[in-house]
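J.: Under my numbering, think of the first position of the sequence shown as 1, with each following residue one higher.
Fair warning: there could be bad hints in the mix.
Unchecked claim - Think about it this way: if two alpha-carbon atoms lie no more than 25 angstroms apart in a straight line, the pair counts; the simulated DSS-like pairs of lysine-lysine are: (1) LYS75 to LYS417; (2) LYS316 to LYS75; (3) LYS416 to LYS134; (4) LYS75 to LYS309.
Claimed, not checked - Here are the simulated distance ranges between beta carbons: (5) TYR115 to GLN315: 50 to 56 angstroms; (6) GLU320 to ILE31: 38 to 44 angstroms; (7) THR302 to ARG404: 28 to 34 angstroms; (8) ASN135 to ARG55: 21 to 27 angstroms; (9) VAL139 to TYR115: 20 to 26 angstroms; (10) LEU28 to VAL82: 34 to 40 angstroms; (11) LEU74 to ALA213: 17 to 23 angstroms; (12) ASN222 to ILE119: 37 to 43 angstroms.
Derived from the structure by calculation, the hints contain no laboratory data.
Since we're looking at a predicted model, the values are computed, not measured.
Just so it is clear, CB atoms sit at the ideal spot from N, CA and C, and this is done for glycine as well.
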Amino acid sequence: MALAIFFAGVPLIYFLRDGLLLAPGSTLFSIGLIFLPFAITLPFKDFRYFHSPNRVTFPLMCWLLLYMFVYFYLKDRYYFTVNFYTELLTFIIIVFVAFAVLFMRDNAIGRSFIYLTSILVTLSAVSLMYYVSKNPFYVIGQRAAFGYGGEMGVGNPHINSKVAYFGIVLGVLALKNHKSVKLGLIFPLILILLNVAILFLTQTMLAFLATFAFAALFLVFNLSFSNAIGTFRLFFSKWYILALMLLGAVALGYQINKNKKLLDPAFNYFNTRFEGIKQSFFDSAEEKKVKVKETGDDSANTRITHIGKVFERLQKSFDEGNYHYILFGQGYKFMYVDVPHLEMLDSFGLTGFVFFSIIFLRLIMMSLREMRDPESTGTEFLAYAFIYFFFSNFTSGQMLDYTRFATLFIFCRFLKK
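Please take these sequences and the hints and turn them into a complete structure.
T.: Structure follows, in structure tokens:
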């Protein structure tokens, strides 16, 4: 239950808080509901034994966290953007989750985890649809999110889009392993269609990139002639599956045709976001400066500007002979770059950057090995869930974030290959 709520329960917390206004609109309240289940598990643990995590990556993650804590302790007083108590709470939460998962059995991500996560994902999707349907100012094409304090248009769509991605992965894996997962065929199909709709409602490029990558990798590791024939027989030999697919296609075509003009802003948004991400990594410095002025995508513009500043500081440190800044960085959370991997280079230098890069490469290899030869449906889900955090590592957020680091510790606990 703790793991299911952590991965899929956040949108429901925001639905209660900002959708129905039934809970306090504070970050501490949300953190409490997300991490309280981990605390509830502790009285049921036998602390004489812990369950072995990945023997290399889990200790490396612990060393990295300690390395960052030393930076925090030494550098915090110099940077006014860092709140000492907020950052300390972040470290405490991460260490607490790492400790809690060490004493979780391997079957904590077994069939019950799959069922609970599927239910939470479904409720999350339905709650967002209910929220936008009750808002008289919402129109198709507008990004859907639970508005902070109930105000439409100022929420975070990534909260729902991430869980929608997890829902698509769960639906596909439930179909693949339908004999062992035993969720039938109808429910996984509904789960997939429902969360694809959420992706289009939330319009976040990160979730779309993760979904496309998931589809490609899933086909690479699972597509064969015998599997294709088996899938064809599974779906097209049952009349109710055909009827559901036909009704879904007709309904989707009707909605697209009916709201064609309203959907244009959404397609334009996708194009702008994709161009912004491409500019961030592949355009020259001069091209970036020109395009920042031309485009209206503030998120991409800010990211491009911050990336430029990171490399400007590196060049300045090299020119002035301040090699210690290159090796050890500018200091704890020196600047919010919005590209976590580059923030690692800026704040913690080449030392921290290389350290984290080694861990990140190991996580990639662990996930790929699990995709190729899954130990269970739960571990296979975690391997594909990592795809989202792979793209997030280069497109959004801060390096040291309790959700990001807690998730990485969960990956290192259960992915052992």
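J.: Using the C-beta atoms of VAL139 and TYR115, is the stated range 20 to 26 angstroms upheld?
T.: violated (36 angstroms)
J.: Holds or violated: LYS316 and LYS75, Cα atoms, limit 25 angstroms.
T.: Holds: LYS316 and LYS75 sit about 21 angstroms apart, inside 25 angstroms.
J.: Regarding the pair LYS75 and LYS417, is the alpha-carbon distance no greater than 25 angstroms?
T.: violated (37 angstroms)
J.: 17 to 23 angstroms was suggested as the range; check whether the CB atoms of LEU74 and ALA213 agree with it.
T.: violated (38 angstroms)
J.: Starting from the range 50 to 56 angstroms, see whether the pair TYR115 and GLN315 falls in it by beta-carbon distance.
T.: holds (53 angstroms)
J.: Tell me if the beta carbons of THR302 and ARG404 are separated by a distance inside 28 to 34 angstroms.
T.: Hint violated: Cβ distance 19 angstroms, outside 28 to 34 angstroms.
J.: Determine whether the Cβ-Cβ distance between ASN135 and ARG55 falls within the hinted range of 21 to 27 angstroms.
T.: violated (50 angstroms)
J.: 34 to 40 angstroms was suggested as the range; check whether the CB atoms of LEU28 and VAL82 agree with it.
T.: violated (18 angstroms)
J.: Taken at face value, is the distance from the CA of LYS309 to the CA of LYS75 at most 25 angstroms?
T.: holds (20 angstroms)
J.: When you take the CB atoms of ASN222 and ILE119, is the distance between them in 37 to 43 angstroms?
T.: At 25 angstroms between Cβs, range violated.
J.: Taken at face value, is the distance from the CA of LYS134 to the CA of LYS416 at most 25 angstroms?
T.: violated (45 angstroms)
J.: Honestly, do GLU320 and ILE31 meet the 38 to 44 angstroms range at C-beta?
T.: The hinted range 38 to 44 angstroms holds for GLU320 and ILE31, with Cβ atoms some 41 angstroms apart.
Hints 1, 3, 7, 8, 9, 10, 11, 12 from the earlier list are contradicted by this structure; the remaining hints agree with it.
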